[in-house]
Structures are given as structure tokens and as C-alpha cells.
Amino acid sequence: MLIALLTDFGYKDGFVGTLKGVIKSINPSVDIIDISHGVSSFNILEGALILNSSYRYFPKYTIFVVVVDPGVGSDRKAIVVKTKNYIFVAPDNGVLSLALEGEDVEKIISVENPKFFLKADNNTFHGRDIFAPVAAYISRGVDLDLLGKKINKIKKLELPPVKESENQIVGQIIMFDKFGNAITNIKKLPTSIKRAWINDIRIEKIAKNFQEGNSEKPSLIKGSFGFYEVFLKENSAKDKLNLKVGDTVKIEL
Amino acid sequence: MLIALLTDFGYKDGFVGTLKGVIKSINPSVDIIDISHGVSSFNILEGALILNSSYRYFPKYTIFVVVVDPGVGSDRKAIVVKTKNYIFVAPDNGVLSLALEGEDVEKIISVENPKFFLKADNNTFHGRDIFAPVAAYISRGVDLDLLGKKINKIKKLELPPVKESENQIVGQIIMFDKFGNAITNIKKLPTSIKRAWINDIRIEKIAKNFQEGNSEKPSLIKGSFGFYEVFLKENSAKDKLNLKVGDTVKIEL
Amino acid sequence: MLIALLTDFGYKDGFVGTLKGVIKSINPSVDIIDISHGVSSFNILEGALILNSSYRYFPKYTIFVVVVDPGVGSDRKAIVVKTKNYIFVAPDNGVLSLALEGEDVEKIISVENPKFFLKADNNTFHGRDIFAPVAAYISRGVDLDLLGKKINKIKKLELPPVKESENQIVGQIIMFDKFGNAITNIKKLPTSIKRAWINDIRIEKIAKNFQEGNSEKPSLIKGSFGFYEVFLKENSAKDKLNLKVGDTVKIEL
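Residue numbers (numbering that gives the first Met the number 0), protein chains in the order written: chain A, 0 to 252; chain B, 0 to 252; chain C, 0 to 252.
These are calculated hints, taken from the structure and not from any lab test.
Any given hint could turn out to be false.
Identical copies carry no separate label here, and so any pair may be met within one copy or between two of them.
Heads up, simulated DSS-like pairs for lysine-lysine below, C-alpha to C-alpha not over 27 Å straight-line [claimed, not checked]:
#: 1; residue 1: Lys207; residue 2: Lys148
#: 2; residue 1: Lys152; residue 2: Lys187
#: 3; residue 1: Lys76; residue 2: Lys232
#: 4; residue 1: Lys162; residue 2: Lys106
#: 5; residue 1: Lys204; residue 2: Lys106
#: 6; residue 1: Lys76; residue 2: Lys149
#: 7; residue 1: Lys149; residue 2: Lys232
#: 8; residue 1: Lys81; residue 2: Lys162
#: 9; residue 1: Lys83; residue 2: Lys193
#: 10; residue 1: Lys187; residue 2: Lys106
#: 11; residue 1: Lys243; residue 2: Lys118
#: 12; residue 1: Lys193; residue 2: Lys249
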């Protein structure tokens, strides 16, 4: 069995190590894989985008523990979602929504049975006290119905919409990757476009690979997040062009 | 067997990979878990706090390799500490002291037998040459007494003391976590307090979860390090309030 | 079997997790070890230096996947290099050259057989689509000759040369490690030197361990990359002395 972890816990503290210790204490033979712990703090959308770009490359029946959880300790639910291929364990805050769009959801459980939790004297670390132990018990074969009660609806997170008209498409930057590439919310573009801008900077072209780009002037490319990205060749578009989340990408058709 | 790694080696170089290569070369079947490699460079106190917040969540008999080691290559000892539940391998510089307060220490060995070291032509990387191979040999069942000689005393690191008087408690910030929460040295507070400050900024309240806080005005919460933390809701207290290690937290009772 | 990963993918996105998912999907029983994913973006030399400082500590027959690949999607080759002890999978851009200097190369394959690739609808992530699956198939015992055709020559990367004359040695800084130590291209120095400078700052001495250094004035030490490093005791030489890659180190004999 494989448990894959995606969190905004970072790489400084012992938070991630603690999750792994908890999991290994409950199921010593499970294999633990890190997707990333570098999600920007509290950024549910970024967590959703990263999960969506990676989960489908994991083996069938992988259990994903996704903890981007600004509402920890409040009354937001903890959920387990079983799809045809995978199991997801996460807070009910929308972080699973993009991944679940591509999955056949079979069952959703609101996790409520403290028998599968760690006892704790503080209320700030449900990754340790709820999500990790629940995932570990699932990896040992615990029946999902024992974890809590079935529910039908979970919180959904929507990407900001792309505005399309006859002769233009207007999108925006929704996150940056490690290289400073600017991921937009635009999934599809016609094969030929007239002109394009990021803010008021002209975009040179739609490139097929990063080498076709220019190191000073931005280009667009269909990237591995499934969206068009604004990039500079071997350079950070974010830093060099002073971009930020929400900036406008305009395509003239 | 499980070996858990905690270092200040960072995520840029091959230092951590090298440790793992050394361990796997000696014991291919051992399971290696990262606690964190993001301890601030040379910061023994931070390493001690992170170890103390995470080690107890690991399975019994886990071997911890803790390398925050500014004195590498000098005459500071390398030690192995066996407790009732765990084994710790580290430089003798105090990095284990907080964790060991909670453990029944059974044996301390000053590691001196070069038979269990890697031969090296430089003197800057005892993680690779001493701590990793020693831990790997221990995971293979090597008798601890073969590693060196028994000792009774190791270096102790003390947290800065909390000053308590009849009507106030004065503590300080001892580290920051990834979210910018400011960990203090205060472990206990009475259920009701009158007023509190971080430096000269008023602290709003003692919160039960982060959502109860305010995104501009600081609150206190009992955090997962076992201490009270100054935090802002979904914001970095460190950055927004310009805090640094050593800053004063004052509680009026 | 062991697959070791070294990339410039960073720790923010799901890139590394995706590689691992792909590998585990093809070979669930293979052990995956991270060397580092913090190589500076697009920095082939840094990747080569980090690989060279760590690969030899891994068990025989480890498969190394090294992806620092600014040319992804262009016509640069993907290669597999089998040496007496190891197998390396990487883009043909020089990133393997320093490691291969120390190895007996037995076979080089230009990877071209799409049967061992993932099908993808974009062209920006050969780590996912080519390097990871190829490594996973190799770990399952696939004959290297099935992957593509034998070649004899791969791209070589040269370190900037050290200039040696009768009474001086002039080198330069080639990278920084996590601690801010400045790695030079100087491998050997005579046992006694007259004077030394980093830029126009006098270097105090050649130290045997970091504790012998000074926290304000730079010293030299033979470091774990196999080169002399300029360092400050428990301090970042990079930040405190304002150093950058290419800065001159001059030794008077």
C-alpha cells in the first residue's frame, strides 16, 4: 500500500516527520511518498492544482493525504473520498475538488470516529491527530464506514472563470511554479491567435518547448498543470516581469 | 527497522542524499524517514525543539540521527543514547536534551571505534562519515558497546527561563515555524489572564484554534511544539509583526 | 533495487511526487531515495557537482535519475549510461560528466523507444514522461539495448580551469552550499601557502575543521565536494562577504 502526502507544512519543522511517524506506528509496512510540502501557507487553490497535476500518475488504490487546512480545529469536516481508483483524506475545504472532477466518486465519509484519532492536548495539528492516523488505518484495511457517516456533498472550489468572447479570451494567473513560470486558468486556445499580452507586456508566441522561448520576452506554453503558462526561457517570468497571482492574460483571436 | 533523519543540511546540496546512500549501502533493508532538514544552520536549540515535538510519534525502537553540528571535526564527542523506547545518534552538543527529558535513558556511548566509520579525506562531514554509518550498523543489530565507551554525562541545553511572579509571567520567542507562528518558551498559563503583550503589541486572546484568531492582531494558542505560540489567523506573525527570536511575551495575571 | 533522484524541480510543486508516482506505478517494489531537488533552476554545473559529491556513497547498481534539463522538449538526447557500478538516466547536457570521470563507462544508450515512455499531451516534462519511466523499467530488468541505440559520445561539461603559475594559483567560486560556504574549483593546494584572497579580502588560513575558522574573516577548508571552500565559522560566507559565482580566489605560494 502507498500513502502519498501533500501539505503546506514546509520543510523547516517536524510536522511532516511527525505525520510519517504516526503512519509508520500504525502501519509499519506502508510505503510513504511525498508529493510536496511546499504549498504556499493556507493556499487551498494551490494545493488543489498541485494535487490535480500529480495524483493520476500514482498507482491505483494510492491513499492521498492532503492537508492544506487553515480551518484546523474549527468546525470544518474531515473527509475521506473513495473514487474508483483512489482514496483521498483531507479537510472539507475544496482542496480535493479539481482532482475529483476527473474521478468517479464512489463514497464520501465525514470522519468522526475518535477511535481512529490520536489523543492530543492541543487543537492545532489535525494532520497528526486525524488525517495521518485515519489514512494509516485505511491502509490497514479498516472499513471506511467505520470512520464516520456517509455524506453526499463536499465543499467545492472553483477556478476563477476565463472570459471568452468572439475575438478575445481573457484569463488570469492562478499560481507560479518553482521556475517562476506563471500558470494561467486557460486550458484551451485555438491553433492560431492574433496577439497576446500578460498585463501590458506583449507575449511573443505559443511555444512547443521552453527552448523556443525568449529569455526576456514572455511566451505561452501548454504546461504540465494542464493549463497555459507564461514563461521566459531559462528565466523566472515571475521575477523578471514582476507578475503576481490575479494578473491578466489577454488573447486576441 | 526505521532510521529517522533530522539535520540542518537543507535541500539544496547532496548532503542528505549522501547520508541515505551511506545508510542503504550498509543496511539495504532499513526504512529511512526524513523528519526535516530545514533546521536553521547551526541552530542547536531549533533542532532540539523540532526533535522534541516529533520523536514520540515514531514507532518504538526507531533510530534517530540528529545532525545539527557546528562543531564538526572539533573535539566534541559523537554519542549514541539508548532510551527505553528509542536510540538517538548525534553530536554531543545538547541537541538531544529536550527529547531526553521525556525518556528513560538506559545507556550513553561515546562513539569512538573507527571500524564503524567511513574513511574520509576531509573532516567536514561527520553526518556522512560517522553518524550515518553508525546508525546503519545499529539498525543491523551491532552491539552498542562495540561502538565506544560508556559515559554518564552529556551536554545539556537549557531553554531560556520563563520569569514568573505573583501577577505576571514573562517569556520570550524561541523559534518560528513555517507559518510564521512565534513559538514561546511558555508551557503553562492559568485559564484566565488579564492582559498580554508581544513586545509592545497587545495580544487579543488565548484561542482554541487558529480560526478564532485575527489576521492583524496577535493571539496566543497552545501549539504542537508543546508551548504557547503567538499567531495571526492565516498570516505570518513573524513577518507582519516584525518579530525575532528573543522578543518578549508578557502576561498579566 | 534503488532509484536515486536529483533534480532542479524544487519542493513547491508536484513535479517530484509525479516522478515517484510514475516510478511506483511501473515498479511498486523499487526503493526511491531523494538526493536533492534544490539544484538552482537550469544550473547544469551545480547538478553535476552535487551528483559527483554524492553518487559514490550509494549501493552498487543504484539507478540515478538526474533531471536538470533546460533543453526539455528540444532535440537534446535522453541518455542512459551504464558504468561498472551504476546506471545513470539523464538528458545529454553534461550533467553527468563530473560523476562519469570517476567511473568505468560500459555502455551509453540514446533513449528513443517510445514504448518505454508515458504518452503526454504536452512537451515540458520529460522527467515524468521519459526519465522516470525509463528508470523504472530498468529497475525491472529491461535490457538497456531495447531502450534505444548505442552511442559513443555524450556532451561534456568542463569546470572553469584553475590558473597555476610558479608562485600563484588562481581559482574561482563555482557554487554555494546551503550554509553559504563558497565552493571553489581548486582541488589541491601545497601544504604551505604564503597568502590568499577571496576578491580583495584576505583569507586567514587553511583550516582543518570549521571550528578553527573565524566568524568574520574567511578561511579555506577542503570540503565534501572535493574542492577547497571559502567559509566563515557558523556564518554564511556568501551573505557576509557578498560573494557570487565567478569571484576570484588567489593563492600566493
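The hints, checked one at a time:
no.	hint	verdict
1	Lys207 - Lys148	between (48 Å within a copy, 26 Å between copies)
2	Lys152 - Lys187	neither (29 Å within a copy, 41 Å between copies)
3	Lys76 - Lys232	between (43 Å within a copy, 19 Å between copies)
4	Lys162 - Lys106	neither (34 Å within a copy, 54 Å between copies)
5	Lys204 - Lys106	neither (44 Å within a copy, 40 Å between copies)
6	Lys76 - Lys149	within (12 Å within a copy, 52 Å between copies)
7	Lys149 - Lys232	neither (49 Å within a copy, 31 Å between copies)
8	Lys81 - Lys162	neither (33 Å within a copy, 52 Å between copies)
9	Lys83 - Lys193	neither (42 Å within a copy, 55 Å between copies)
10	Lys187 - Lys106	neither (31 Å within a copy, 43 Å between copies)
11	Lys243 - Lys118	neither (41 Å within a copy, 32 Å between copies)
12	Lys193 - Lys249	within (11 Å within a copy, 55 Å between copies)
The structure fails hints 2, 4, 5, 7, 8, 9, 10, 11 (numbered hints given earlier, in ascending order).
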